[in-house]
Amino acid sequence: MNKLTHLATMITMASMLVACQDNSETENKEPEAAKSQTKSFTLAAPQVNDFSVTDIDSPTSAPINTSRETVNFVTKIPADFTITSPSVSHSIKSDEYWTKVSGAELNSGVALTISQASSVIRISPRADTSSGTLVHSKAISPENIQLLKDSDKTNSTQTKSYIKSLADPQALATAGLTDDSSALLLSADAKAGQYRLRVSEKLQPSASYMVNVKEKNSPYQLTLTSRNNLASTQASIPFELELTNSKTKLKPTASLKHANGSFQALKVVQVNGQWQAKLPEVNAMPDNNLGLSEIQLQVSTQVAGKAVVRTVKKAFKQFVPSAKIKPTITSKWQNGLPESLTVALDMDKAGRFSVASYLTGVDEQGKDKPILKTESASWLTPDSTEITLKLDTDLIAKSGLKAPYKLQGLTLKDQGQMARLSYQAHGLTLN
Amino acid sequence: MKHNYKLLLLGLFTVSPFAQSATGVAFIHGTGDQSNALNDYWNQNFVNTIRQGISNPNNYLVVNCDFDQYMWDNAASGCLAGQLTQFIDSKNIDSLTLITHSNGGNVVRWILSNPTWDSRYPAIINAVDQVVAIAPSSGGTPLADAVNQGSVFETTLGWLLGYGSDAVKQQQVSWMNYYNSTWLNGTQGRPSLNTTFEAVVGSDVDSAIWDGDSYCAGYQYQVALETTQNWLDDCSDGFLECSSQSAAGTVWFTDKQRTRGSEPLSHQQSRRDCFNLHTIIRDHI
Chain Z
1 MNKLTHLATM ITMASMLVAC QDNSETENKE PEAAKSQTKS FTLAAPQVND FSVTDIDSPT
61 SAPINTSRET VNFVTKIPAD FTITSPSVSH SIKSDEYWTK VSGAELNSGV ALTISQASSV
121 IRISPRADTS SGTLVHSKAI SPENIQLLKD SDKTNSTQTK SYIKSLADPQ ALATAGLTDD
181 SSALLLSADA KAGQYRLRVS EKLQPSASYM VNVKEKNSPY QLTLTSRNNL ASTQASIPFE
241 LELTNSKTKL KPTASLKHAN GSFQALKVVQ VNGQWQAKLP EVNAMPDNNL GLSEIQLQVS
301 TQVAGKAVVR TVKKAFKQFV PSAKIKPTIT SKWQNGLPES LTVALDMDKA GRFSVASYLT
361 GVDEQGKDKP ILKTESASWL TPDSTEITLK LDTDLIAKSG LKAPYKLQGL TLKDQGQMAR
421 LSYQAHGLTL N
Chain Y
1 MKHNYKLLLL GLFTVSPFAQ SATGVAFIHG TGDQSNALND YWNQNFVNTI RQGISNPNNY
61 LVVNCDFDQY MWDNAASGCL AGQLTQFIDS KNIDSLTLIT HSNGGNVVRW ILSNPTWDSR
121 YPAIINAVDQ VVAIAPSSGG TPLADAVNQG SVFETTLGWL LGYGSDAVKQ QQVSWMNYYN
181 STWLNGTQGR PSLNTTFEAV VGSDVDSAIW DGDSYCAGYQ YQVALETTQN WLDDCSDGFL
241 ECSSQSAAGT VWFTDKQRTR GSEPLSHQQS RRDCFNLHTI IRDHI
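Taken in order, these protein sequences are the chains called Z and Y. The first sequence begins at 1 in the UniProt record's numbering and counts up by one. The second sequence begins at 1 in the UniProt record's numbering and counts up by one.
Chain Z extracted, bound-state conformation (with noise of 0.2 Å):
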């Protein structure tokens, strides 16, 4: 196996020393080149595409991962490895909407949007408050749901025509759709358009529902880029929109939903041409560390004279910068060769941090190739901010690879918070 761990390493190296340490002292004087060292080192400057946190704040919600334990874990890295920068933003598409209706207006009927035949419209009961209490919204019977187009006359004989089938919350939830809703198949003839969709069964006017339209492989998807991290420090989401197969310029509402599911509306403005989404100025932060927050977008416009509605949604991770990376590094080296590295951080408050990276040496074509990836999280405190870096210069050795040994793709996690805090992609040089 190419994995070594220092526990398991340290119990090995622990029996033998004790094994040796009478014979080590009486018969061998250390060698000179055995001698260890202590040399420090500077964190090189950033890159490109490296980031990191500027001002240190401290977090206020309790940490997830609060143990005190200092695990290490050194892993051999095939030299064919290529080290990569994390990505930083990813796009999501859409092809569908949801919208939240009452059952009073479910009653009444709703207007929706659809661009296209055999599009699948889904009504889940959410969650009813009107009493005090959260009850459940009762599920549709789909027999009860009925579709009328605008241009049609009003009345329920009508309506099958542009239903191809009907789906109940039992069947749905047995091919993965577990929250009681129903769902109706528009058929292959029906046109683009407005309707208004009706449920005849007397539902709680006050009752809560999701209205999802679902347009598969339309023409016209909705793709939200945006960041995978924000700072408590940002004071707006930045991101890229774009309706594939549309030149109209779209008005974007936005929102932010938290992990525990609260929304906030949020303005949208563009600045030289890029879309931003400003952060409330009052909790714009998850009230835990848990799960993640979600950014999401509603456009309704025009393509072709012909209405379309999207909502697209993307998950990203808020959190406080609790901590950086000191630009002074120590090393200890034994034969030549370096066996740990102790990394400093700037912090405020306790919490568990880990640090890891790659140690690279050079081939003979002179090219730096990856040894081994080392880790280490702690728990740290203002008063004691450092973590350790195994190295394994056995490791070290057996690669054939030569100095100058490179730290890259250096990485400072907080485990409280679940967050990337800083990457750096060429760390330092150990010369």
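No lab work stands behind these hints, which were simulated from the structure alone. Predicted model only: the values in this text are computed from it and were never measured. Treat the hints loosely; a few may be bogus.
In silico lysine-lysine, DSSO-like type, Cα no more than 30 Å apart, as pairs [as the list claims (entries may be wrong)]: (1) Z:LYS216 to Y:LYS256; (2) Z:LYS164 to Z:LYS306; (3) Z:LYS349 to Z:LYS39; (4) Z:LYS76 to Y:LYS91.
Just a sample of chain Y residues kept apart from chain Z, beta carbon distances all over 12 Å, derived [what the hints assert, rightly or not]: (5) LEU38; (6) GLN44; (7) VAL47; (8) GLY53; (9) TYR60; (10) GLN83; (11) TRP252; (12) GLY261; (13) ARG272; (14) ASP273.
Just so it is clear, CB atoms sit at the ideal spot from N, CA and C, and this is done for glycine as well.
Take the given structure of chain Z and dock chain Y to it, following the hints.
Just chain Y now, with coordinates in the frame of chain Z:
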């Protein structure tokens, strides 16, 4: 003297029972809070057949944990780490095969990817030689997104009703994008898992009521599948798209390539003894 000491040590390790190696296999379920996964999640014939593939078939473990929680939660990966550690220690396992289904693959990847999160993880990582990930939800599923449309009260209610759990939230597509890019290894552009993570991909669903094969733990509601397939690619097991199942590690095989009669494996069928899946895995581990 020094030389003798080393030989003595070598001898001690050689005769020690702790030095004997042993293989083991553990079955790790998907989303859900299990107390009898052997019967309620897998089935006996599936488990009992697969464990014949290791040298000592008695060295097996059927994990029961609360995988309704986020993968890093102590009730999820913490519970899994506890049961695996106890199994490894009690049986002296040094070559462990993990058989996972669905979200169980994510919980395992959490442990393999985050050795410093928990002091029990390094020993587990060192013992694991192979992961057979059946229909892993490595890239999430749009169906998880669909049931999570809503706000605070809906989410809370979801908890009460048993859907929309944290594990389901976690398996939304953009959530898994985030975790794959930050906390989980094994996907494209990310560090490898340092062990084989071989996915068995379910690519299709037979649900026609006239097809007897569809009743091997299969779907009965054609209309429901016809509906939910609107959220999925044409290549899916009815719950997960093939792209999600193959997002991490390597693809060992796609169902029809090896199953009896080239039958597809739906998401429900791929944790049961359907279409020789159990014997295929037995012969592989």
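Here's how the hints hold up against the structure:
no.	hint	result
1	Z:LYS216 to Y:LYS256	25 Å, holds
2	Z:LYS164 to Z:LYS306	23 Å, holds
3	Z:LYS349 to Z:LYS39	28 Å, holds
4	Z:LYS76 to Y:LYS91	27 Å, holds
5	LEU38	22 Å, holds
6	GLN44	23 Å, holds
7	VAL47	24 Å, holds
8	GLY53	20 Å, holds
9	TYR60	21 Å, holds
10	GLN83	19 Å, holds
11	TRP252	20 Å, holds
12	GLY261	23 Å, holds
13	ARG272	15 Å, holds
14	ASP273	20 Å, holds
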